[in-house]
Amino acid sequence: QVQLVQSGVEVKKPGASVMVSCKTSGYPFRKYGISWMRQAPGQGLEWMGWISDYDGKTSYAQKHQARLTMTSDTSTNTAYMELRSLTSDDTAVYYCARWNLLVSTGDYWGQGTLVIVSS
Amino acid sequence: QSALTQPASVSGSPGQSITISCTGASNDVGNYNLVSWYQQHPGQAPKFLIYEATRRPSGVSNRFSASKSGNTASLTISGLQAEDEADYYCCSFAGSNTWVFGAGTQLTV
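Those sequence lines, one after another, are chains A and B. Quick note on my numbering: the first sequence kicks off at 1 and runs consecutively. Quick note on my numbering: the second sequence kicks off at 1 and runs consecutively.
Only chain A is shown next, with the shape it has when bound in the complex:
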């Protein structure tokens, strides 16, 4: 069955970087993409960016473009999201989702990774 398993809780200081991983299984990795979303405490979902697992092409929300890098490793079927220059506003649960580009939908989601930014 399709599974996306994310890495564990991260606690970072302001100014640091964080990398969250999303290991996928149960489907042909290169036939889909991965989108990353985040959800600040008590807030709604925010789409951050997308990566094609076929050719590594990326697109990022304008708000995050300067600090965000998404990559994927087709040998391990794992996607990565790195966010740099963290501030307390980046404290959130970060989700990856298998993104079916044809229907523009996240049909399977990871369990979420809590990132806490605190001095």
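Simulated from the structure, these hints should not be mistaken for laboratory data. Predicted model only: the values in this text are computed from it and were never measured. Be aware that one or more of the hints could be misleading.
[Said to hold, decoys possible] One side of the interface only, derived from the structure: several residues of chain A facing chain B at Cβ under 8 angstroms:
{"no.": "1", "residue": "Y54"}
{"no.": "2", "residue": "V103"}
{"no.": "3", "residue": "D107"}
[Said to hold, decoys possible] With the C-beta cut set under 10 angstroms, the calculated list includes, among others, these residues of chain B facing chain A:
{"no.": "4", "residue": "S36"}
{"no.": "5", "residue": "N62"}
{"no.": "6", "residue": "F64"}
{"no.": "7", "residue": "E85"}
{"no.": "8", "residue": "Y89"}
Where a beta carbon is used, it is the ideal one built from N, C-alpha and C, also for glycine.
Got chain A sorted already, so can you dock chain B onto it with the hints?
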């Protein structure tokens, strides 16, 4: 890209129907039939309910239906059940492989 507009909260009694609206603009909801809807229970990851504005994937209850007109998409839940109490989010393609979510609607049953 601004978040799509959803009502902050809606409520209904068991057995009733409710509708959640999702209003965007001519460069997202209004320009593409690529709206999806998600249900999120507290402490859980979102669950996919609707794709391509009106289509329901297998395994999702037929009590969930959706429509779109112009810049507004809507999700209707009929025969409300206690388990439907959750947050609901719409999401639209916004061009150039970018997407935008709605602010979310809290449903109280």
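Hints, one by one, checked against the model:
1. With a cut of 8 angstroms, the hint placing Y54 of chain A at the interface with chain B is violated, because the nearest CB-to-CB distance is about 13 angstroms.
2. Annotation: interface hint on V103 of chain A holds; nearest CB of chain B at approximately 5 angstroms, less than 8 angstroms.
3. Hint status for D107 of chain A relative to chain B: holds, with the closest Cβ pair at about 5 angstroms, below 8 angstroms.
4. Hint status for S36 of chain B relative to chain A: holds, with the closest Cβ pair at about 5 angstroms, below 10 angstroms.
5. Using the Cβ-Cβ criterion of 10 angstroms, the hint placing N62 of chain B at the interface with chain A is not satisfied: the shortest such distance is roughly 18 angstroms.
6. Annotation: F64 of chain B was flagged as interfacial toward chain A, and the flag is violated, the nearest CB pair being 14 angstroms apart, outside 10 angstroms.
7. Hint on E85 of chain B is violated. Least Cβ distance to chain A is approximately 17 angstroms, over the 10 angstroms limit.
8. Because the beta carbon of Y89 of chain B sits about 5 angstroms from the nearest beta carbon in chain A, less than 10 angstroms, this interface hint is met.
Hints 1, 5, 6 and 7, counting from the list given before, are not met by this structure.
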